[in-house]
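Asks: Quick mapping for you: the protein sequence lines, in order, are chains A and B.
Just so you know, the UniProt record's numbering puts 147 at position 147 of the first sequence, and the rest follows in order with no gaps.
Just so you know, the UniProt record's numbering puts 49 at position 49 of the second sequence, and the rest follows in order with no gaps.
I should point out that these hints are in silico values taken from the structure, not numbers from a laboratory.
One should not assume that every hint holds.
Claimed, not checked - Here are the computed lysine to aspartate or glutamate pairs in the DMTMM-like style, where the Cα-Cα straight-line distance is at most 20 Å: (1) B:99 <-> A:234; (2) B:99 <-> A:90; (3) B:99 <-> A:167.
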Amino acid sequence: MSARARLWIFLVGAAGFAVLFAAACIDLPAFGTVPHPYGVRAVRAALSHHTSNVIASVNFDLRAFDTLGEETILFSAVLGTVVLLRQARDEHRKDPEPAVVHPRVRRFALLTLACALLVGLYVIAHGQISPGGGFQGGVVAATALHLLYIAADYRALERVRPLTLYEIGEAAGEAAYVITGLAAVLAGSAFLANVLPFGTLAALSSGGTVPVLNAAVGLEVTSGIVVLLARFLDQAVEIEEPGEDDGGPWDSGDSGGNGDEQRERA
Amino acid sequence: MTVLPYPVAGWIFLIGVYGLVTSRNLIHAVGCLAVTQSSTYVLLLAVGYRDGGTAPVFADAPTDSRVVDPVVQALALTDIVVGATVTALLLALVVQLRKRHGTVDPDALSELKG
Numbered sequence: 001m002s003a004r005a006r007l008w009i010f011l012v013g014a015a016g017f018a019v020l021f022a023a024a025c026i027d028l029p030a031f032g033t034v035p036h037p038y039g040v041r042a043v044r045a046a047l048s049h050h051t052s053n054v055i056a057s058v059n060f061d062l063r064a065f066d067t068l069g070e071e072t073i074l075f076s077a078v079l080g081t082v083v084l085l086r087q088a089r090d091e092h093r094k095d096p097e098p099a100v101v102h103p104r105v106r107r108f109a110l111l112t113l114a115c116a117l118l119v120g121l122y123v124i125a126h127g128q129i130s131p132g133g134g135f136q137g138g139v140v141a142a143t144a145l146h147l148l149y150i151a152a153d154y155r156a157l158e159r160v161r162p163l164t165l166y167e168i169g170e171a172a173g174e175a176a177y178v179i180t181g182l183a184a185v186l187a188g189s190a191f192l193a194n195v196l197p198f199g200t201l202a203a204l205s206s207g208g209t210v211p212v213l214n215a216a217v218g219l220e221v222t223s224g225i226v227v228l229l230a231r232f233l234d235q236a237v238e239i240e241e242p243g244e245d246d247g248g249p250w251d252s253g254d255s256g257g258n259g260d261e262q263r264e265r266a
Numbered sequence: 001m002t003v004l005p006y007p008v009a010g011w012i013f014l015i016g017v018y019g020l021v022t023s024r025n026l027i028h029a030v031g032c033l034a035v036t037q038s039s040t041y042v043l044l045l046a047v048g049y050r051d052g053g054t055a056p057v058f059a060d061a062p063t064d065s066r067v068v069d070p071v072v073q074a075l076a077l078t079d080i081v082v083g084a085t086v087t088a089l090l091l092a093l094v095v096q097l098r099k100r101h102g103t104v105d106p107d108a109l110s111e112l113k114g
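Please model the entire structure based on the sequences and the hints provided.
Replies: Okay, here's the thing in structure tokens:
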């Protein structure tokens with residue numbers, strides 16, 4: 001299909017969408033004044049379970065089963081990326097060269113690393129009390145580790161980041177979530193029901209299973225993002241494209257294996 | 001106009017789809033998909049807003065204070081997490097395409113290759 005035809009189809013579709021969406025918007029209740037029956041009930045349910053962060057309560061208590069699905073999406077996306085970005089048979093690995101870093105950059109990055117890692121762990125641990133939780137804190141903690149790439153170089157990052165450990169950590173996070181759910185079944189309640197004592201509102205130990213599930217998600221997200229970034233960094237730093245020495249990557253247009261054999265002979 | 005935030009979401013959606021349709025570079029297309037998806041965040045948060053409401057966190061607010069809808073905020077969180085991981089997966093696909101076909105232009109990817 002030509003670009004022009006595609007654009008025309010888009011314009012017709014966009015016009016239709018715009019008309020229908022505008023009609024729907026006009027009939028919506030005015031912005032900011034809507035009664036929120038589900039919101040009110042969610043707040044009541046969260047407070048009855050002594051969880052002061054209602055969003056964490058919705059995600060890890062009321063909708064804990066949906067969050068298991070969400071976590072599984074994360075897990076499979078990381079798995080898919082690992083499979084897609086593995087080293088192919090025709091690629092070879094090059095050891096990354098040590099880089100020279102200005103001492104000021106190094107000091108600043110190491111300082112930021114410590115602070116960012118602490119903030120990440122804090123956000124995971126206080127998910128049931130204050131804004132944040134396993135998903136947000138996990139991303140902060142995982143990216144904090146990569147400040148080492150700025151502070152030193154890729155080899156230093158690889159030393160503090162045993163990838164196998166993080167791959168196990170990701171699976172362990174997912175497993176911990178399911179086991180917490182099954183523990184509730186063994187305790188005589190429903191899967192992922194909040195069976196632990198609720199504690200006092202706004203205390204670190206409040207919320208029953210919410211902090212436990214938060215920690216499980218935090219572990220999975222931290223490990224998952226580290227694994228994900230490691231695969232992309234591997235591609236950028238270590239893995240070389242096939243035939244880089246003899247003239248660029250594969251062109252589109254040569255017909256599969258034959259073309260390569262011919263090129264090798266030539 | 002009191003319904004203005006909703007069309008903003010629709011506008012972001014259409015801008016993103018326009019980028020997807022006219023894209024000549026797959027990395028750009030993945031970025032456009034992220035823009036398209038971000039329209040759902042705007043719509044969700046706009047639906048959940050209440051005049052004078054604060055964040056639905058009662059750590060240091062009285063338990064009877066007026067808060068915005070926590071359900072849609074939790075949905076937006078789910079949305080962001082899934083969006084980020086899918087973006088990573090798509091970028092990994094683009095890396096492989098560039099390696100195997102030597103191009104990231106979707107229009108140049110018309111032929112089959114064994």
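Asks: Look at each hint and say if it fits the structure.
Replies: Hints, verified against the model:
Proposed proximity of residue 99 of chain B and residue 234 of chain A is supported: the alpha carbons are some 14 Å apart, at most 20 Å. Between residue 99 of chain B and residue 90 of chain A, the direct Cα distance comes to roughly 11 Å. Compliance with the 20 Å bound is thereby established for this hinted pair. Our distance criterion of 20 Å between C-alpha atoms is broken by residue 99 of chain B and residue 167 of chain A, whose separation comes to about 25 Å.
In this structure, the one hint that does not hold is number 3.
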